[in-house]
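From first to last, the protein sequence lines stand for chains G and R. Position 119 of the first sequence, counted from 1, bears residue number 119 in the numbering used here, the numbering being contiguous throughout. Position 344 of the second sequence, counted from 1, bears residue number 344 in the numbering used here, the numbering being contiguous throughout.
Misleading hints may appear alongside valid ones.
Said to hold, decoys possible - Below, computed lysine-lysine pairings styled on DSSO-like, alpha-carbon distance capped at 27 Å: (1) G:121 x R:393; (2) R:391 x G:121; (3) G:180 x R:242; (4) R:242 x R:191; (5) G:226 x R:191; (6) R:124 x R:2; (7) G:314 x G:121; (8) G:255 x G:151; (9) R:389 x R:242; (10) R:124 x R:156; (11) R:274 x R:310; (12) G:121 x R:310; (13) G:68 x G:121; (14) R:389 x R:274; (15) R:310 x R:389.
What the hints contain is simulated information worked out from the structure, not anything from laboratory work. The model shown is predicted, which means the values in this text are computed figures rather than measured ones.
Residue strings, one per chain:
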Amino acid sequence: MSFRASHLLGIEHLQAPEITTLLDLADQYAEHNRIGRPHRDVLEGLTQINMFFENSTRTQASFEIAGKRLGADVMNMAMQASSIKKGETLIDTALTLNAMRPDLLVVRHPNSGAVDLLAQKVNCAVLNAGDGRHEHPTQALLDALTIRRAKGRLHRLSIAICGDVAHSRVARSNIMLLGKMENRVRLVGPPTLLPSGVEEFGVEVFHDMREGLRDVDVVMMLRLQKERMDGGFIPSEREYFHRYGLDSEKLSHAKDDAIVMHPGPMNRGVEIDGQIADDINRSVIQEQVEMGVAVRMAAMDLLARNLRAARGAKAAGVMA
Amino acid sequence: MKTLLENARLIDPETGTETRGALMIDGGVIGDAADAPDQTIDCHGQCLAPGIVDIGVKVSEPGERHKESFASAGRAAVAGGITTIVTRPDTDPAIDTPETLEFVERRASIDAAVNVLPMAALTKARAGREMTEIGFLMDAGAVAFTDCDRVITDTKVFSRALTYARSCGALVVGHVQEPGLSSGGAVTSGKFATLRGLSGVSPMAERMGLDRDVALLEMTGAAYHVDQITTARALPALERAKANGLDITAGVGIHHLTLNEMDVADYRTFFKLKPPLRAEEDRLAVVEAVASGLIDIICSMHTPQDEESKRLPYEEAASGAVALETLLPAALRLVHNGYLDMPTLFRALSLNPAKRLGLSGGRLTPGAPADLVLFDPDASHRLDRFALKSKSKNTPFDGTILQGRVTATYVGGVNMTEALDA
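Construct all of the structure, not just a fragment, from the sequences and the given hints.
As structure tokens, then:
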């Protein structure tokens, strides 16, 4: 097995073989989930804490189900409501939690880099469930697994990532993962929603949706993150939908068997036409959610193995 | 009392030369080396240069003495070969009245081991609405006027303040930045900002700020110093302004000369500065501008921050770094790497800032104050931030090897390095 990391903070630090190892294991969990076979021994006796400093329903639920299927004791902390409001710093919160000896810490935070900072201060495995605009590694991994299952491979595919790339951690993690697996990545969106310097990431940039979708295998839509807008990135929602919303006409420029993805939650009629989202022949959006649980099970399984190995080695050192 | 410092490598920025020789300290001033000395000190071939005049040092008095006091800043300055610190008014409260300024001067005269010259705020509470009592403040000893990193957005207020300052013969120090474009930015926009998911500020914001201020100088004729020029794009505008005969000078902080945006790496907040660190091309362009003299002054931009204000997610962490002790060793990197020669370096560290403020120091000529730094340019050491004399330890150079060590700092002819050790 080649998966050596002690935390899952981002795709940036993963090697291609590690990604493959994780996806292979997730594939198995996906099948077992379908036939309803739990694996409650995998994380038995381990405590998983979900710390969400930013609202989330689906990601938090996905991590909770993944942990419970593997037998972990899962605890959810709604951080917006707690000590942060009382002025406690992130580091103090981390140290307090660390003293309770958790084994797996799942963290989402509105600031880029906050999860890295927290991981430096605790003695358990940390999973990044999204930090600011930086990374969202489990989302990129579940997208990769969905693509691999639909297309039969995860290399030499042409993939268009469309919409609000500038504010999207999902896009950053996906650009890195798909690049590491040797795919052609296109970014499609208005220039105001594409981050600066993005040309240097080895991607092709398109401002015209039809051109950008021409002959691609995968169309990955992003949520138009209204809550992140300082104002003035696009003229209006209706113009955005007209120029960049995915409808059947624009999708007709992609390959006939191109799949449509969306990390959710969707704004129907803003970035995606409802009919396409529901088209079971094209949309794999529900499968993405399903793969999310499998990928998170695999990630926590692998990290727990490394954690147990590290603790075993440390204990052996103490005995010796 | 006449002390002869002999066997020294004399760095004279005024003549642009370095020579082997001796220098006489006669009381508080530089004397004639040909006179008969009362005592002789062998410098063992080390460099002897005019003491550094550092424009833009933040001493956190009043308000945040736990971050830096005049005593600790003075010790740090002595350790760094800085003989005059020109302090910033961005304290809490701001230094915007003669009364506050007098408090600062009293504290400085009791505690500081080096010369302290205070700057005062240009507008009340640095709020950019009403100008301060520039005349009274000058009478009380303010050497320049600045709102520090706050840009006065109301150009009418700024133009009036510049006009009034000119009538008083006051120097105004400004921070060039288009605040609309740079708002919310924690790093320079570009590949690195995108990779780290941090909000970026376009380097163009600096040039736009400079363009605006140059236009206001054409209008008002005020004496103006830009605290920091950090981008290549701003340099042609600066060059034009100087060629057009405006009374403008420019500085640059030591970190922008020696580090670039990639040094932030994994969200290292000690590298968070204002303006943010730039691309390597910008750094090289700015180094070249110092060598050519287009950028006049190198300063430390010493900004003490406690651990709590830095141990935060990058975008929430405070900006600034301490640099009194690392200014000279870091600047010597530019000499060791062949970008500058020693006299050019001290032109930017000592002579030009002294000239800009109308001081008689920054020179090795007889009659000038005996503010001197004796240093070994080659002695290397690994910096341990907890060994710094500053109360705050927020240096980006922690753990790196610095080449160059101060042996003695003379303030008014007194060896303060020795005096502080005693």
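Hint numbers the structure violates, sorted upward?
Hints 3, 4, 6, 9 are the ones this structure does not satisfy, whereas the remaining hints hold.
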